[in-house]
Structures are given as structure tokens and as C-alpha cells.
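The chain contents come next:
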Amino acid sequence: MSARMHFSDNPKLDPVVGASLTRIGYGLGVAGLLVSLGLGFGVEGNQKQFYFSWLTAFLWMVTLTAGALFFVVLHHLVRANWSTALRRTAENIAANMPLMALLFVPVLIGSSDLFHWSHADVVAADPSLQYKSGYLNMPFFIGRAVVFLILWIAIAFFYRKHSLAQDESGDVGLTFKMRRFAPVATLVWAMSLTFAMFDWSMSLDPHWFSTIYGVINFAGSMMACYAALALASLWLTKNGALTRTYTVDNFHDVGKLMWGFTIFWTYTSFSQYFLIWYGNIPEETIWFVVRQSNGWMALFLTLVLGHFIFPFWFLMSRHMKRGRKTLGIGAVWLLLMHYCDHYVMVMPNLHHHLHFHILDVTCLVAIGGLSVGAWAQRTAKVNLVPIKDPQLDASMSYDNAV
Amino acid sequence: MAEQRIWGLVAQFDNASTLLHGAQALQGAGYRRYEVWSPFPVHGMDQAMDLPRSKVPWLVLVGGLTGMCGALLLQWWSGAVEYPIMIGGKPAFSFEAATPVTFELAVLLSAFGAVFGMFGLNRLPNPRHPLDTVPMFRGVTDDKFFISIEVRDAKFDVDRSTALLESLGGRHVTVVEA
Chain A
1 MSARMHFSDN PKLDPVVGAS LTRIGYGLGV AGLLVSLGLG FGVEGNQKQF YFSWLTAFLW
61 MVTLTAGALF FVVLHHLVRA NWSTALRRTA ENIAANMPLM ALLFVPVLIG SSDLFHWSHA
121 DVVAADPSLQ YKSGYLNMPF FIGRAVVFLI LWIAIAFFYR KHSLAQDESG DVGLTFKMRR
181 FAPVATLVWA MSLTFAMFDW SMSLDPHWFS TIYGVINFAG SMMACYAALA LASLWLTKNG
241 ALTRTYTVDN FHDVGKLMWG FTIFWTYTSF SQYFLIWYGN IPEETIWFVV RQSNGWMALF
301 LTLVLGHFIF PFWFLMSRHM KRGRKTLGIG AVWLLLMHYC DHYVMVMPNL HHHLHFHILD
361 VTCLVAIGGL SVGAWAQRTA KVNLVPIKDP QLDASMSYDN AV
Chain B
1 MAEQRIWGLV AQFDNASTLL HGAQALQGAG YRRYEVWSPF PVHGMDQAMD LPRSKVPWLV
61 LVGGLTGMCG ALLLQWWSGA VEYPIMIGGK PAFSFEAATP VTFELAVLLS AFGAVFGMFG
121 LNRLPNPRHP LDTVPMFRGV TDDKFFISIE VRDAKFDVDR STALLESLGG RHVTVVEA
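Chains A and B, in that order, give the protein sequences. Reminder that position 110 of the first sequence reads as 110 in our numbering, one-by-one numbering, no gaps. Reminder that position 112 of the second sequence reads as 112 in our numbering, one-by-one numbering, no gaps.
Quick caveat, the hints were computed from the structure, so don't treat them as lab data. Keep in mind it's a predicted model, so treat the numbers as computed, not measured. Any given hint could be a false lead.
Below are the DSBU-like pairs computed for lysine-lysine, each with C-alpha atoms no more than 35 angstroms apart in a straight line [stated by the list, open to error]:
{"id": "1", "chain 1": "A", "residue 1": "K388", "chain 2": "A", "residue 2": "K12"}
{"id": "2", "chain 1": "A", "residue 1": "K325", "chain 2": "A", "residue 2": "K177"}
{"id": "3", "chain 1": "A", "residue 1": "K325", "chain 2": "B", "residue 2": "K55"}
{"id": "4", "chain 1": "A", "residue 1": "K325", "chain 2": "A", "residue 2": "K161"}
{"id": "5", "chain 1": "A", "residue 1": "K388", "chain 2": "A", "residue 2": "K238"}
{"id": "6", "chain 1": "A", "residue 1": "K256", "chain 2": "A", "residue 2": "K381"}
{"id": "7", "chain 1": "A", "residue 1": "K12", "chain 2": "A", "residue 2": "K238"}
{"id": "8", "chain 1": "B", "residue 1": "K90", "chain 2": "A", "residue 2": "K132"}
{"id": "9", "chain 1": "B", "residue 1": "K55", "chain 2": "A", "residue 2": "K256"}
{"id": "10", "chain 1": "B", "residue 1": "K55", "chain 2": "A", "residue 2": "K238"}
{"id": "11", "chain 1": "A", "residue 1": "K132", "chain 2": "A", "residue 2": "K161"}
{"id": "12", "chain 1": "A", "residue 1": "K381", "chain 2": "A", "residue 2": "K48"}
Cβ-to-Cβ under 10 angstroms is the rule here; a few derived chain B residues that face chain A [unchecked claim]:
{"id": "13", "residue": "A29"}
{"id": "14", "residue": "P57"}
{"id": "15", "residue": "K90"}
{"id": "16", "residue": "A97"}
{"id": "17", "residue": "T99"}
{"id": "18", "residue": "P100"}
Beta carbons: idealized from backbone N, C-alpha and C, even for Gly.
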């Protein structure tokens, strides 16, 4: 507290622990993938259900990964001190971007099942879609997706590479280099995430539009990223790593941001709902009418209660954010709600009535497992914190006032 | 001056570290009505003085809930009870239309709870404090550190308290008039 701390922990994860989580992650991921493919394309296959379930789980994980990417960029953008000890974990999550590109392939393959604007005959009979066809056409859609994913991979790679290089050389110049690039990376990230969400999620209902859609997804991504960072840090310290580096104040601050972004998600989601409610124009209200009828209202209210009201009160007190167990419960719950959020955005385009399918679970296990496995494999190989970052000591020695 | 009334004692300390140790020692010796003065926040001082948690969060919560309930009541009563007007086919009272005002008033009164709660708990504004009469105390806004002990402390005794402050590194121990 009063004395300045210096990094003296073992910066590596116990290899046995790392290998074990890698095995569990990949094991679950591959099993989930095989079962999903069997259920989707087997004898009694349900291909369309597979693509929608896959897309929901993919959006859940890709937004989380993109959130971690922005956490790293934001750290450099504002010259943050406190987040230095958490940055390597975020860099390791963001480095899942190539995997995300791979997981996007089924979405491309299934695009004709997912995006009904991709059918020429549908567009020919629909003046509105003809008007939008300059943007909503397959070649441009694929081109944009490729550009977004390449940009994200490039930013993730750039920051991780320089951060790891600093572990070796201790060169302070690398910090300045990463900072200089941060404003550009922020702009690129914000634009690409917005349009990626327009493309992959909003265009499922191509008649409907909402300009705040990207902001809602930004809020959701950041919340999911902080929840993932909280869980990853709790897991690392539980396995004996960085127990002297991650202070209770680090957890407290991650908890505060996670909590703050649930409120920001609510703020943006309500803004969307409110303007549409006030305007009361059928082509806009239809999106909510669909999601408030035929059983979907249950899930819609689950979001209101579970994504806002419950976490708002549950995580409000500092004791809940500083308690390892309560922070962990909050983080797991919010990751579940983040999935629920994407479910409400995507699934009503497939099912008129609320209808869960086993593929929802298997696709979630497949994508979640593969992502956790890849993260654990990467985490086991490198230092768990940027050991020669000039700001590391500061991130270990602050405290939140009483 | 018929009778000299004493407010307490004040001593100057050299740096934040001796200030911190001084506070720890006073706390350990059973003093309760003492105060430390520093030009900047000293990390660890809360623990050294064994301060309880701030009550400001509760005032913020009360402010926020008051704002929320007040805003809902105001909009419901004025819009649906006292003077209902049909606007755009919307219901006279609906939670959608009421949310922005409710949110803003909750935030406003939370902020009032934080700011004025902090003022109240610190007994501010305080235009005249006995320590203002001690010339050396002016340095507290620049580079000097002080500990004061009030006369109403049960352990207060001019001679013994002075000796204690001096033994802790306090200099220029001065009796402060009320």
C-alpha cells in the first residue's frame, strides 16, 4: 500500500495446470464441434438450426475477443497504469482472433441459410432490398468480413508481439511505439466492430435498421471482456500464479468496469428501444414486436432482469467486487447474459416461437471450448504479466480508497 | 480575555512518513479526537488511523432512490392524475417515457448526496477553524504536515500529550486557543 511494490512473483503458469486446461478446452471444443456437425448435417440433420446456433455462439465469442483487443488498445491510448498487470491476459485472449477468423468460415458457408438478402430471387421481388443491394451483396459482405478480421488479427498481433518483445529487451521505446499506434487502432476498431455487427447480426433482418446497434454491441463486448478478465485472473491466482501481483484492488477495478458496462449496455439498449417506442413506426417496431411475442418475451425480460437489474444490485457493493467468489459468480452470470443478448438478436430470425435446440448448447461448447483451449495453450507459453513494462509496479501498488 | 479557552495542541511533522507513524502511535495510545493534516493524500493513513468506512455511499444510495421515486411520482401525478393530455396516442403514464427523467433525477440526487453528504460529514463550510490562528499552520497547503489533538479527547493532557507528540518527531508543539 504505502510501500511501492516490485514484481517478484513467478511470471509463468505451472505447465501442468496450463496443459490441463488446454486439454479440457480443446477436448470440449472438438467434442462439441463433432456433435454439432452430426446434429446439423447427419441423417436427420438440421442444417439451418446449426448455422443459426453457430452464428449466435460465434458472435458471443468474437465480441468478447474484440473487447479484449480494445482493452489492450485502450490501455495504451490513455496510458493506463492500473491495467498493466492484466494486459497480458487480454493480449492472450485477443490473440484468439485468427481462431475467430476460422470459426467465421461456417457463417460464410451457411450465408444462404442465414441471410435471406443473399438470395437473388428474394431481392428481385423486394424494392427495399434492391435499394440496399449496393451494400448488402455477397462479394462486398465477404470482402468486408475479410478486411475486419484481418485488421483485428493485425492489431492483436502488433500489440502482443511488441509486448512480448519488451519482456526480453525491457526497451521503453516499445511502450511509446504501442501508444503512438493506439489512436489509429481505436478508430479502426470502433468502425470495424460497428459494421461487423451491422453485417453479421443486424442484416439477419435486412429491412430493419438501428444506428445504435454497434454501440450496444460495443457495450456488450466490453462487459464480456471484463467478465472474462475477472475469471481468467481468478483462475490464475487460484492455481498459485501471480498471487502477489493481482491484489484485491485489481479485482475490484475489473469488477467496477464490468458492472459499469452492464449499465452502459442498458443505457444504449434502452436508447434503441425508447426511440423506436416513441416513433412507433411499424418498420422499426416490428423488431421488438417479434421479440415480445410468441414466447420471446420471456427471454426479452430475462435480459432486462438478468443483464441489468440483478447484476446492478448484486455487484453494486464493493464487498461483492472484492470478494473472489461473488466476483466470479457475477462474471459467469454476465457471460451467460452476454450469450442471451446475442440469442435475442439472432434467433427470432429463425424461430417464430421461442424454441431452444440442443445445437445451441453444442455450438456454444464447441466455440467456447476451442477458445479457452487456445487461450490456455498460449498463456502457458509466455510470461503472465509484461514483466519489464515500466508501469507494472504502479499497477501493483495502488489502492482503492476506503 | 477573561478566561483562556484551549482548543487543543498542534505539532508540525517533517514528512508523510513521520506523520503516518505519528498517527499510528496516537491511535495505539488510545487517542481518538486527533486529526492529521497533509497537503496531499497519504496512502495507508486510513489504516493507520483505523478510520471506519465512509458513510458517503449510503447517502448516495438514499439520494439516488429519492430521485428515482420523486421523478416517478412527479411524472405520474402531473401526467396521469392532475393534468392528463393525450400526446401521440401514448398512455398518460408509461415507464418508457418516464425513464429518462427518472434516470436523470436519480443521477442528480445521487451526485447531490455525494457532494453535500461529503460537505456535511466534513462539517463544511467552516469559515473559522481554531487552527487558522496558528501562523505555522498555513504551510499545510504547501509542504508542511501536522497532527492536532483536541482538548475533548479523553486522553488529552497538555503536558503528557505535548511530550508524546515531541517523542514522535513533532516540532513546534503549540497550544491552540479556541
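Status of each hint after checking the structure:
Pair hint A/K388 plus A/K12 holds up; C-alpha atoms about 14 angstroms apart against a cutoff of 35 angstroms. Of the supplied pair hints, the one linking A/K325 and A/K177 is violated, its CA atoms being roughly 38 angstroms apart against a limit of 35 angstroms. This hinted pair checks out: A/K325 and B/K55 have alpha carbons roughly 25 angstroms apart, not beyond 35 angstroms. Under the criterion of a C-alpha separation no larger than 35 angstroms, the hint pairing A/K325 with A/K161 is consistent with the structure, at around 34 angstroms.
Only pairs whose Cα atoms come within 35 angstroms are accepted, and A/K388 paired with A/K238 is accepted, the gap being roughly 24 angstroms. As the CA atoms of A/K256 and A/K381 are separated by approximately 30 angstroms, the hinted pair is consistent with the 35 angstroms bound. Between the alpha carbons of A/K12 and A/K238 the distance comes to roughly 14 angstroms, so the proposed pair stays at or under 35 angstroms and holds. Only pairs whose Cα atoms come within 35 angstroms are accepted, and B/K90 paired with A/K132 is accepted, the gap being roughly 32 angstroms.
The hinted pair formed by B/K55 and A/K256 meets the criterion: a straight-line CA distance of about 19 angstroms does not exceed 35 angstroms. Between B/K55 and A/K238, the direct Cα distance comes to roughly 33 angstroms. Compliance with the 35 angstroms bound is thereby established for this hinted pair. Pair hint A/K132 plus A/K161 does not hold up; C-alpha atoms about 40 angstroms apart against a cutoff of 35 angstroms. Under the criterion of a C-alpha separation no larger than 35 angstroms, the hint pairing A/K381 with A/K48 is inconsistent with the structure, at around 39 angstroms.
For the restraint placing B/A29 at the interface with chain A, the shortest Cβ-Cβ distance is roughly 21 angstroms, beyond the 10 angstroms limit, so the hint is violated. Residue-level restraint check for B/P57 holds (minimum Cβ-Cβ distance to chain A is 8 angstroms; threshold 10 angstroms). Interface restraint check: B/K90 against chain A, minimum CB-CB distance 8 angstroms, threshold 10 angstroms, status holds. The beta carbon of B/A97 comes within 8 angstroms of a beta carbon in chain A, closer than 10 angstroms, and the hint placing it at the interface holds.
Annotation: interface hint on B/T99 holds; nearest CB of chain A at approximately 6 angstroms, less than 10 angstroms. With a cut of 10 angstroms, the hint placing B/P100 at the interface with chain A holds, because the nearest CB-to-CB distance is about 7 angstroms.
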